[in-house]
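Residues per chain are reported as follows:
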Amino acid sequence: MKLSCNIDIRHLTRVEGHGNIRIKISDGKVVEAKWEVVETPRFFEAMLVGKHWENAPYICGRICGICSIGHTLASIRAIENAFQIQPTVQTARLRLLLKHMETLQSHILHLYFLAAPDFLGTGSVLPLINSHPDVIQRALRLKMIANDACDIIGGRRIHPIRTVVGGFTMLPQKKELDGIRQRLAAAAPDLVASAELFKSFATPSFVRETEFVSLKGENDYPFIGGEMISSDGVRHKEADYRKMTNEYCVKGSTSKWSKLSRKSFAVGALARMNNNFGMLHSAARNVASELAFAPVCHNPFMCNVAQLVECVHVVYDSISLIDELLALPLQEDRQTVSPRKGCGVGAIEVPRGILYHYYEFNAKGTLVKADCVIPTSQNHANIHHDIEEMAMQYSQTNVDDRDIELLAQMLVRSYDPCISCSVH
Amino acid sequence: MAGPISFLGVPLKRPKVAFFEFTACEGCQLQILNNEHTLIGFLNLVEIVNFREAMTERSDDYEIAFVEGSISRSDEVERLLEIRRNARILIAFGSCACFGGVNQLKNRFADLDWVTKEVYGDFPVETDEVHPIADYVAVDLNIYGCPVKKEEVEQIVTNLVVGKSVKIPDFPVCMECKAKENICLFELGEPCLGPVTRAGCDAWCPSNRRGCWGCRGPAGVVNMDQLEEIFNNYGFKNVELIDRLECFGGFTDFTSKLRTKAACEQRKTEGRS
Ligand code: SF4
Ligand code: SF4
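Just so you know, the protein sequences line up as chains X and F, in that order.
The working numbering puts the first residue of the first sequence at 1, with every later residue one more than the last.
The working numbering puts the first residue of the second sequence at 1, with every later residue one more than the last.
With the rest of the complex left out, here is chain F:
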């Protein structure tokens, strides 16, 4: 790798960086190897000392740890605690690490035995309820997305290297979507979580004519009642709203409230009939 780097004549220290994965699809790590036109520059910015998916050398001497994936087994907790001890900055990398990601969909079944039986029959396989990494260790920074957007990762890492503060948007995806002058998907007959989801992806899905499923979790301030109203006004039922909100695990508190409400309404209609 290249030697020392400097910016406007000021020498910069390349931080030692490590990547780790837990219960995940490794798509977020793969994003690190994407964006080929900036890849070499990006790799030059840091010193990668641990990246099992791409390199054989390993070292426990690192400052920044990118942790991908959720936690769903006891050995993962041990490994995660060790990473926390070694790292100065620990980053939850991608929606699995931030919220549990799609993996937490299995938590909606109260009976974990049923879940294991459905897949492995009577073969014994260890698994726990899925948790985001922040349930076990202190997280210094979240990088949202399923997958993470490489441009955003590049920006964040550059800021970390030059010592600038990292700012992740608080406003919702809708604002980015409107700025791109897209036709709102509700008008085209598709539901979207853009009004409540944290921006920063540049309205990736709505710009490709697909409603948002909330992979980046809630924006700084969200109005769930209004979202429910929008869904209902456009003819979508609360089950469809719950379905989207529960997909990546970022809206767990809201979904359980909505679920209770939906169950009450169900009982009311049953009582009336």
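Chain X with its partners taken away, still in its complex shape:
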């Protein structure tokens, strides 16, 4: 039996933002096991008060560098819901395609640059450039298609320019979309090779049962709007997001935490797949079964596998979306905005899970209240309880200190936390 260990990781690396892990075991008993978020808060919700509606998507994109497209779109959706604007079919397709490309770039960045080094025994992706050039070239190819597509549709890969309330300021050209389509179709072997790579990694066998929250797809695998469900059977409308998130403050964390039916819940690729598995593209489901994923999966390390499966899904779905767009006579259809007094919610599945923006406007369209609930803040409690459970399980074994330390880090990384985003 493990007698003692003392793990104190300050500013965990290869995650976005600043978080600490503390595990202290003595005489086989867990004395302390926690996840602390120490990131400096930025107060976006206060910054928005008194601002004109037009500012919100522009400012809120800056909540996060990795999922700025998701934030911009959630913000736009909240405003459109408040002002009762219905996006056109063309706008809806283009937005979903843009979101897919953000998901692909974010997942690839996480899988190859942040997670893979743990499995390949290095501290970062840098040594892999020489030791595993094929792997790195493949990651760069996939990430580049996604980023190029974001440039073409959103005008920029970080903090998009063309996305506005009512539509787009400018449209991609059909030949640009077709170029992306061809590159996505040619990416199939890279996706297969990615699956092979992750198949060769030994996923730790840790399991802790929890509740999973995501959007609920009606006919499609869900990304933008609709109802939210949990694997424990809770179901709410988009406008009732607060009943799903129940945010509260905790000591030792500048990010809020959330809970629903239990002491914590999880959002993200694993939650989405657990709740909507049947709606994945068949190619994605095949990869899932190859990688031994079956819903409902309670192993948080399988989040990596879930992200990989989603990469396959978004690539194939994007090809269909582009086909639909190419069949449309692409036209400038940006709608004019007439502000009104009211409130609106935008719920969107971003790479790390479900994201909500809520705004309240006066009759002039000035913001009087704002609330943003970020995926990683919903995951913090779950990460914390996973670390507790992991410490308990390992306190009864002979696992080496260094292994526990590495596993704890890998555990947090598998959630792909976006900490500065959670402390917005």
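No lab work stands behind these hints: they were computed from the structure.
Ideal placement from N, C-alpha and C gives every residue a C-beta, glycine not left out.
Just so you know, not all the hints are guaranteed correct.
Said to hold, decoys possible - PhoX-like mimics (lysine-lysine), calculated; alpha carbons at most 25 Å apart, straight line:
hint, chain 1, residue 1, chain 2, residue 2
1, F, Lys164, F, Lys178
2, F, Lys164, F, Lys117
3, X, Lys216, X, Lys237
4, F, Lys237, X, Lys369
5, F, Lys117, X, Lys243
6, X, Lys369, F, Lys117
7, X, Lys259, F, Lys261
8, F, Lys261, X, Lys364
9, F, Lys257, X, Lys175
10, X, Lys24, X, Lys34
11, F, Lys237, X, Lys341
12, F, Lys164, F, Lys13
13, X, Lys237, X, Lys369
14, X, Lys251, F, Lys117
15, X, Lys364, F, Lys13
16, X, Lys341, X, Lys237
17, X, Lys174, F, Lys180
18, F, Lys180, F, Lys16
19, F, Lys149, F, Lys117
20, F, Lys237, X, Lys364
Claimed, not checked - Covered, in the sense of this in silico footprint (three residues per stretch, anywhere, with C-beta under 8 Å from a C-beta of chain F), are these stretches of chain X:
hint, segment
21, 62-71
22, 317-330
23, 342-350
Got chain X sorted already, so can you dock chain F with the ligands onto it with the hints?
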């Protein structure tokens, strides 16, 4: 990583480089990992010894420090001073570091307690007024933008490595925009800060049909009176001008002047009615 590099047969020393982040979205650092077609070449140019977002190894032995983010808490000041002590060249990386970025929008509320209460209720959370890093340490070079443009970063880093001087444009975005033969957005009914904002982004936003919000701060010489006139001539009010100018913190001096002026005018009209 690759071995020694040389240019036209002249060996070059790869400088040790570190990246740090404070109050920020980490979007500028993420840009470092973008531009995949030149990424490996770029990574080869320098020796990265500290980059928490992407690597586990850390070292305090570096020559160039890229500092992203603004300063809004006491522990950040301590960390920043230490970085300054270690670095030969300290670069303010992105608009948050250069001007406070969008984060400084909270400074427009005189009551910081209200700001914390609005977000955290009665839960105690430490926060200070947002400041650009130059308010605490000497900055050797500013790289502007929200986010920074990777092409510009590549150019600047290459110049640093080969020992060439770094030149950041003094002229305004309008010149780049005109060179791209864009239709001016004012003509399309949208305001733009292109006439006063520092160029170097290749008119990123106006070329995507979105007015400039001034993320790169003021150009070398700016004529704010004329900008006000352009806004007014095209039917935009001063509140709209202030709204844009205050977004990234680069125009703080001008916005406070405009604000005082707007308040005076408000009082005048109220007096008349
Ligand atoms: S300047 Fe913009 S992109 Fe860079 S860290 Fe600040 S908010 Fe993010
Ligand atoms: S769009 Fe903006 S940057 Fe371009 S010419 Fe007009 S004012 Fe200048």
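Consistency of the hints with the structure:
no.: 1; hint: F:Lys164 to F:Lys178; result: violated, 29 Å
no.: 2; hint: F:Lys164 to F:Lys117; result: violated, 49 Å
no.: 3; hint: X:Lys216 to X:Lys237; result: holds, 10 Å
no.: 4; hint: F:Lys237 to X:Lys369; result: holds, 24 Å
no.: 5; hint: F:Lys117 to X:Lys243; result: holds, 22 Å
no.: 6; hint: X:Lys369 to F:Lys117; result: holds, 13 Å
no.: 7; hint: X:Lys259 to F:Lys261; result: violated, 49 Å
no.: 8; hint: F:Lys261 to X:Lys364; result: holds, 23 Å
no.: 9; hint: F:Lys257 to X:Lys175; result: violated, 48 Å
no.: 10; hint: X:Lys24 to X:Lys34; result: holds, 9 Å
no.: 11; hint: F:Lys237 to X:Lys341; result: holds, 22 Å
no.: 12; hint: F:Lys164 to F:Lys13; result: holds, 14 Å
no.: 13; hint: X:Lys237 to X:Lys369; result: holds, 20 Å
no.: 14; hint: X:Lys251 to F:Lys117; result: holds, 16 Å
no.: 15; hint: X:Lys364 to F:Lys13; result: violated, 59 Å
no.: 16; hint: X:Lys341 to X:Lys237; result: holds, 21 Å
no.: 17; hint: X:Lys174 to F:Lys180; result: holds, 21 Å
no.: 18; hint: F:Lys180 to F:Lys16; result: violated, 37 Å
no.: 19; hint: F:Lys149 to F:Lys117; result: violated, 36 Å
no.: 20; hint: F:Lys237 to X:Lys364; result: holds, 15 Å
no.: 21; hint: 62-71; result: holds (count 6)
no.: 22; hint: 317-330; result: violated (count 0)
no.: 23; hint: 342-350; result: violated (count 0)
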